[in-house]
Amino acid sequence: VATATIYGVLTTIAAFFPMLLIDNAMGKVLASFALVVILTLIFSLVESKFILPSHLAALDLGERQKTEAECSIWSGLLKLGRNLQFSAQAGLDWLKLSLYAPVLRFSLDHRYAVLLVFITLATLSLGLIGKGAIRTVFFPDIPGQYISVRMEMDPRAPLSLTRQNAMHVEATLSRLNHTWQEQYGLKQTPVQHVLNVINDASSVEMYAELSLPVDRPDLATLDIVNQWREQAGKLEGVTEIVFNASEETGGGFALQLFSKNDPAMREASKQIIAYLERVQGASNVRQSLKPGQPEVKLRLKESARQLGFNDQSLAVQVGERFGGVEAYRIQRGMDEVKVIVKGDSASRNDFSDLSNLLVQSEKGIWFPVSDIAHITTSYQSNYVERRDGKQVNTIYVSLDKAQVSPSELGMQVFDQLVPELRAAYPEVEIREAGELEEIFVIKGSLVNAFLFTCLLIYVLLAIPLKSYLQPFVIMSVVPFGFVGAAFGHFIMDVPLSILSFFGILALAGVVVNDSLVMLSRYNQAREDGMPEYEALLDSGLGRFKAIFLTTTTTVAGLTPLMLETSEQAQYLIPAAISLAFGEIFATAITLILIPLLIAAGNDFKRWLAGNSNSSNPLQTCAKEEGR
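Position 265, counted from 1, in the sequence shown is what the working numbering calls 1352; the numbers after and before it change by one each time, with no gaps.
The set of hints was computed from the structure by calculation and includes no laboratory data.
Mixed in with the good hints there might be a few duds.
To be verified - 30 Å max Cα-Cα, derived DSSO-like pairs, lysine-lysine: (1) LYS1321 x LYS1357; (2) LYS1347 x LYS1477; (3) LYS1429 x LYS1136; (4) LYS1388 x LYS1429.
Throw the hints in and build the complete structure from the sequences for me.
Shown next as structure tokens:
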């Protein structure tokens, strides 16, 4: 099996290799996983072909005569070991001859009906994913041991209000902390320490250190975050408050609006924010377009222009009245001192002071400002973000991925809301940002990597099989491994994510390896003159033990990881689920579907050969019409 196993490992390396070529921040994370897998496969190949034979050669198979003392010590253990070995072998033989052999014969005799069953299962898994029964996220929420809170206040808010809000948020957590301990019967409070940092009058940061998950088995970190956020409520003067217990990929869910028309962009932003606030599982909707400082605008009336006023004269008089006017300058040594004359502060602190202010026309007539100008008030941002000459507003929202995934929400927004906004505000452009943009980039890179992988695997399979058609048989089986991975996530109630993708890649390598070994056995049997039906049975029965034991040992090794509750394990559990449940389904795929596809392919070749030997149907019809 040297050729089959070597090329099986090479195809698995080919599946992971394109991950090294993705050039972005998330791609570097994928590359670190892929590099470890590739190096492990290379060393395992060296071990299996050189080190393992050396170990096997050194085994004592009973040729050496044992002393009486050795026999007395080990005879009981050896007898027990042989009994266990014989029992295991008998069990495997029973599975192979009494269970698998009849199923394989039945499947070969009804090959197209069984193929339809496999296709139905694959379609069902895709349907469950499409309907949301099997949830999908780009990167799952993996809570840590710390909860961070970031609170931004209105720039006009006083420091006393900022302190009051910070104390309220901390007091809310303290109250909930004791409630959780009594409610869940915990030995210690779930929140161990709290750090409250007031940076300035407009910024507060808070950090809460949690107890270990094993000390609070019934209280999840995300439940703590959600209840803390709900109980804190809406606070006066707060423009943004973010509760976070996990790393947000790409900065979290975000949308960006681009426009040169500021009012249109603001109206479109309001509608998007209102839409997101109604989504279940979405919270803390916020935008980068802050209200900013209050501003008063004066716009000259047309009737005032006829009285001799213009924009410049109005601006100068109002500016001098409220900002002061330079009377003269005094030279003091090397310095020049300006003398500014201002009115009494009590007469320029109220809005009515502006509307009642008297300004003089060119003819020397005095008029109140309210009679010659329209006065409007608004809030203007302290800064304006622009890109390509357009103003930018970024809308952020925190998502509970157990209820709604970023890709699902993004699809809803761009399918339902964005077309309406584009029709109402054609000058406003709406794009993906944050995690949505990261998903778009990674998906494009993965599509290119997938096409390159398929071509590379096909070439590697064609070499040992010496065929252009048989590699398609093996590659057509690989997508069915995804069915087992999808149902595994459904059973374990874990969403499919980019982390699951690594398990699916490893699963593809196992399926290709097992299929390649079985197909090589079939080709060898055919070369030895065995009939097609018998060769299919021989390939399945001959490789049953190896394939079955590969699945059993892999699933047994991954089970403790799937049941682990620590934070570090959460990054590996999706891949473990994909590989374990996928292998269970892949066993049936390899042992049943490969022989079926070989048989169906032979049927197709015989059908082609029969049609090529018979006369052309079109010529036959023409002859009959002529006769």
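Results for each hint:
The straight-line distance between the Cα atoms of LYS1321 and LYS1357 is roughly 19 Å, inside the 30 Å bound, and the hint therefore holds. A distance of roughly 5 Å separates the Cα atoms of LYS1347 and LYS1477; the hinted pair therefore holds under the 30 Å criterion. Distance check on the hinted pair: LYS1429 and LYS1136 sit about 93 Å apart at the alpha-carbon level, beyond 30 Å; violated. Between the alpha carbons of LYS1388 and LYS1429 the distance comes to roughly 27 Å, so the proposed pair stays at or under 30 Å and holds.
Checked against the numbered hints listed earlier, the structure breaks hint 3 alone; every other hint is satisfied.
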